[in-house]
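Visitor: In the order they appear, the protein sequences are chains H and P. Okay, so the first sequence: first residue is 7 according to my numbering, each after it adds one. Okay, so the second sequence: first residue is 1328 according to my numbering, each after it adds one.
Treat the hints with caution; some may be incorrect.
Heads up, simulated DSS-like pairs for lysine-lysine below, C-alpha to C-alpha not over 30 Å straight-line [unchecked claim]:
| # | chain 1 | residue 1 | chain 2 | residue 2 |
| --- | --- | --- | --- | --- |
| 1 | P | Lys1415 | H | Lys57 |
| 2 | H | Lys316 | H | Lys295 |
| 3 | H | Lys57 | P | Lys1390 |
Don't read these hints as lab results, they were simulated from the structure.
Read off the chains here:
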Amino acid sequence: MSRRRDMLRRLEEDIRDHIERETSENIESGMAPDAARYAALRRFGNVQLVKEQTREVWIAAAAEQVWQDVSFGLRMLRRNPAFATIAILTLAIGIAVNVAVFSVVNTVLLRSLPYPNASRLVGFSVGATSATAGRFKPGIEGADLAEWRTHATSFDKLAGYTYSDKTVAGRNVSDQVRAISVAGDFWSLLGTNAALGHLFEPEKAQDEVVLSDFVFETQFKGDRSIVGNVVMIDGKPVTVAGVLPPTFRFYFPQDWWSGLAPAEPGVFVAASPLLRSQRNRLFVVGRLKQGIPISRALAELKGIEGTILKTYPDLWFPGVSHMALIPLQTQLLGGNRQGLLILQFAGLFVLLIACANIANLLLARGAARIHEIGIRTAIGAGAFRILRQFLVEGIVLAVFGGVTGLLLAKGIVLMFIHFGPHSLPRLSATSIDTRVISFALALCLGSGISFGFGPALALWRTNAQNALKEGARNSSGASGGIRVRRFLVTSQIALAVVLLTGASLMVKSFWQMYINPPGFDPANTLVVKVALSGPQYADKTKQVSYFRELLDRLSSIPGIKAFGLANAEDYIIQSKDPANPPRVDQFRDSLVSPGYFQAIGMRLLKGRWFIATDPSDTAVINETMARRMFGDKDPLGQHIDGLGRQILVVGVVANLKYAKLDADPGPEIFRAYALNLGGGNVNMTLAIRMGSDPLGVAPTLRHSIGSIDPTQPVYDIETLQQALADSVAVRRFELFLLAVFAAAALIMAIIGVYGIIAYSVTQRTKEIGIRMALGAQRTQIVQMIVSQGMKIGTWGIAIGIVAAYGLTHLMVSLLYGVEPHDPVVFWSVAATLSLIVALASSIPALKAALVDPLSALRHE
Amino acid sequence: MSGEQDRERIELLQGTLDLLVLQTLRLGPAHGHAIAKAIERTSDDVLQIEQGSLYPALHRLIKRGWIFSKEGLSENNRRAHYYQLTPKGRRQLDVETHKWNKLVGAIARILQPVKQEGS
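With the rest of the complex left out, here is chain P (with noise of 0.2 Å):
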């Protein structure tokens, strides 16, 4: 990696890695390998997280009931643990959602007024 693409990269916030794993979920099972890389891939690598850090955020959120784990079969017939949503994730997903599109548009209003008051 170079020192520019580094500047680059934000760090994440507190608790939202919770969110992100929610939302790769959505899309259907995976397994931690394939959660971080999808997370990597569609923020284009501007989020910074190590890899590792995914796992503490999965078994919280066991513990929580919004996800549970399964075993499972991957492409080239290996065994893995699947993640899955729960129903209770699956509304809680929308909850946080919600409420992050809430906090990004205060931010992005306080940001950028004066645009605001043109449109």
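If we strip away everything but chain H, and leave its shape as in the complex, we get (with noise of 0.2 Å):
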């Protein structure tokens, strides 16, 4: 192109040096200088019309040159069509995978959340005092938030919110729907108008509720008039204020605390009559001023807190001390950000190893082409046409397996979509956009120079001219490419071992994960929400008469082993008094009836179980809280001083992994849920231990509870199985992806390894023979094939071990109850690629021993 610039140059200094020449010389004979000039200009022609006739003769070069190039190359492919579409396959599947991961890791990391300002938005953590402890525990009282905004100037808004699930009925349809009660400046900080009515103002509105579109769409038809009319809310009579509009997204975290996943809210209502009373925690959320830094913000808070202590003396929330103020967006992803770019950085090594591959194609069909190369640069193609020839070869390829990976993408993108975790933050909202077009673009043209390249320079050492005296067919002509080919194929071994060695972890954690103790059996154990809705069921003696009937009705229905009922929430003490702090500030605090251990399967170490007379201040602890409250101390008999009174300890229980499969169970009390002494709760879990068949119960149980009270209906009911594989759902979709990228890392590896040493075969054909003739065994040939894959393979291995054992410490957040370094998985991995390399070339290594020596030595 330069070459272009600078021969347009010479032509304008050539013009003006031919009009000067012209115009002297007419001078010379005689002609008046202007006149001369005029003359001069008129014989030259029309000076624009040339410049532009020389322009072209240099565009239509460069043009034509690549226009050749890519014809060229899509002749090759056409006249290979085996190689064009396994080269292109395996491209494709490289880049599908990255583009498909890219996309999530663009919509769940990189795209910012839907809200103004969102870069300055916080989430209030409760009990987290880092960023890295992932999870968003609500916990903040209505009067905090309420002093917070009149008293706090580091913050633009504040809102609060809490979650439940209500049942909606109007127009005679009635549906159980996320409910959001909302506090502060909740509409302002999520930026959205009504697209219908009016939004109303959380700190005055009184039953009012706000729909969002797919319950307007779906409950109510899009029947407009619904705005401003009264539906029921839990049997509650609720004006309509207005809809949202069907681009509302509600990204803000809820969590597992309420023993509810995470779902799209249906109806938002004001949280007013809850914000003053101390017994309701909320989510908070806030949007710092602009250049506040978090800490500045939380040192005000914590100047605060000591007005708020004064003012309700007896507040719950545990002090800004356990609390921590985590972007919003990181703290949506929780643990989630490494994962996904581990997974990321995986597709990145698929890929290479896919251009490995392709580029041992090419090299093996260059080193056919050496001779046509050698002719070539004889009659004088220059270096750089060449190498450019090469280069648009790869990007040819790589511009039909990009476009057919895009493809492949946006399939795999819908099935992420489809299948995916939903705790995995905005997952739904992935799609193909243009930064994801420009990574998949960057990607095409970066293997497409990278495949192109690489046979260019390796066909460049082998001198062309030796090719040509040698002649194309003589084995030692391919000896530059051989080279980089066995460079090639051991480091697709080297990332295959990386790759095995990272899914491999990730397996064995499962496998860690679902080891269960003797007694635990979570098959055959189903569990029920109970939630209570509803106005009459507001006072305590009306549930507990609820739950003593349901209790009733479960006795009698065959099949049932064990059953029982449990409440539990996550509790945070306050540290009183620094210098002497609570052996254990964070606890979860259950209360279950009789029988619930018995259902869960929990296996009692010490003292007793609970019986029906059992008031509710007499508890069952873990081992983790015996241990870390008692140390080596019996806990029989003893005391806990927490939650307000003293709680009689009757008996240690094993812990057990029964809410979570990816996280030990942290301290635990379980109290006695004294049905008898007027304790009640609206939300309880209900456990069944069923003989067998467990799901087989649910319309027999579906009956009977419902016909307890039919307004109050079963809506979950799941074995304990399901439940718990629900609680890894997003690490299972990172194995799951990295156990597809390590097969598919695997499969290219073997076709590597398989592909070189055929070739070597078919080169070293007339050297077997006369080995043969000169009284090899054909056992010392398969041998001497073998050990040459070998040899590669071993390299290979080693060097992925090495990367591997630097590399898999950073994936420790994904791994479960097995060391980044595990020896055994580390040995395995080795193990088994040397086992699979030996295979891989012992096809070709016993078709070399089939080589009839007579006919290798002709063989030329």
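Put the two chains together into one complex, using the hints given.
Guide: Right, here's the structure in full:
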């Protein structure tokens, strides 16, 4: 290109020079200067036209040559359909997985939340003191929020919310939907307006509701007259204030503390009656003022804390020292960030391996083309020209692979959205946008250049003139190529080892997670959420009588071995005296009815189970609690000072992962759920242990429970196994992808090994013939060829293991119960790969052994 | 230029300009103006070329690798681009000249059949 510019510059000089010379000649022959110049210009002709024509000479040259290269590349592909198909498919898969994973990374990690000034949004996380503690815990009381809103100056906006599932009835349809109760600057924080009607003012509104577009369209059939009319929410009449636009999305955190999975909210109600009550815990999200760092905002809240405690001495909120402000996006992602990044890099590894495979194929073909290149160089093709031809060929391949890959990626993204874990925030919003397309384009060009450039350089080193002299069929002509190919296959194996190690570590983690202690049988245990709703259950005695009736009915259903109710909440104890902090400041407190332990399958280590007459300050604690609280002392008969009263320990149970698979249970207290003493609650979990076929009893259960009160239907019935599986949905998603990547890498590496060994066998046919003619045994030939493969394999495996050793510590957050340097995993990966390399090279080795020495010697 | 003279001049055949340029350069390197003048002079001003059209032709020849250009100093110490034949260009000139002669011969034979019979 610079040559063109250079030539055009010379043309300018030439033209100027030419006209000057002509003019001075004319003057010498007696013309007046002006006339002389005019004549010279006339004689020259149209200067612009000349420039134009000259420029065309050069533009045509560049474009024409590139076009020649492209059509040559296309012709090569058409002539080798098998090669083209394999190369394009390999690349398409490599690009597709990367683009698909990147579109998730882009949506979940890179795209900012769809709210105004989203980068300044922070979530208030209680019980976490650093940004790495991923879980978002609510626990801030309405009173705190109100005080902060009045006194704190670090925030533009502050909003609180809680959520629960409520029954929405109206227009003869009734449905259970997620309801968000909101307080503070909720709407302006989200930056939304009503599509219909108006948004109520959270601080002033009473009995008003805002519907999501989904509820409006499905339950109310898009009937605009619903705005201003009354609907029933949990049996209470409320007025529909407005409807949110269809583009509105609620991505604020919802966590497991209430036992409800995150869901798309259907209705929004004002939380104002709740705001000043001290026993309601809120999620709080705030928007920092421009330029205020998190640390300063936190310090300000700490300053306000003293006055709040004076006004409300019995707040439950454990205080600002137990709270962290975490950027909302980080908080939403929790531990998923690392996992996604690891997947992205794993994907790039797969693409690298794919590129190495294609480079290998191109090299194999390039070796056959060495004669052609020799001729082309001899008749004057420049180095640049030949290099460019390889590059263009690579890019032509890459474009085909990229387009196919993009289409594939679209399909994979759809699969992600349908089958991916719902707990990954915003996964459903994943789309292929311009950033993803540019990423795909970059991958495409990068890979095209890499596998075009590599072979070109490799062939470059094999001197073209030698190639001509020696003849194309001679083996040593391609020696430069074979060295590069060996390098490529070695790196392929190394990359495959890294991926396989990562995947194996995750597989082992899962295996560890699913090891159940004896007696714990999640497959045969059902968990049912029972949430009482409606004004008729505001009274404690009504709650108690409902649950007592429920337990009565269950005892008459055949096939049930054990059953019990539980209600769990996480507790944080504020340290009132910093010099003497409580031994356990966070624990899980569950009210459980007798039978619950047996239904879940807990194992009693010491003491006794509950009996029906135990009061609610009787407790069974788990091992962790016992160890932290009492050390080596016998906990039985001891008292725990907490929850505002003395609690007597009567038993100790073994730790059991019955809530989450991927974390050991923390300290837990199970208190007796004393139905007879008037304790009650609206949200309970029912655990039922069956002998067999747990889900078969579901219809009976539904009928039996539903008949207690038809307005309280049972919604979710699942086995404990399913519930546990849901708790590791994101990990399973990551494992699945990583395993697929590792498998793809392995297959490509096998192809690579097979390809290079098969190639070298054909190259060495004559040599093998000579060896056999001189008396080499067939087994010796097999050994020779296999050991050639093993030499490449051993290097690859060794490098891969070292690399994996250096990299696996990055995936600690994805592992459970496995060290990142688990020796068993490392050794088995190495052994497996050695075996596979041996097998892959034994096929061409056996072929070599069957060579007929006579025909091999004639082979030229 | 008078009208009489104009009628005497003929337009150049497509592609023959390239041949003329190559032929001119056989005598040695020259700059653009000199080439134009040489062609005009040696053809006794019969060939009508617009001097400017020389330049696209020169660049076409460079692209084909038949000539190359280099900087040099002219008679009165002025900088100029000198064009020179490459070995490839020299070979090409032979080929083209041969072809040209054959063409001219063939056309001549067609146009003067009687004379040829007599000879």
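Visitor: CA of H:Lys316 to CA of H:Lys295, is that 30 Å or under?
Guide: It holds: about 27 Å lies between the C-alpha atoms, which stays within 30 Å.
Visitor: H:Lys57 and P:Lys1390 were given as a pair; does the straight-line alpha-carbon distance stay at or below 30 Å?
Guide: Since the Cα atoms of H:Lys57 and P:Lys1390 sit roughly 16 Å apart, the hinted pair holds (cutoff 30 Å).
Visitor: Check the hint pairing P:Lys1415 with H:Lys57 against an upper bound of 30 Å on the C-alpha distance.
Guide: Distance ~26 Å between P:Lys1415 and H:Lys57 Cα, so the pair holds.
Of the numbered hints listed earlier, not one is contradicted by the structure.
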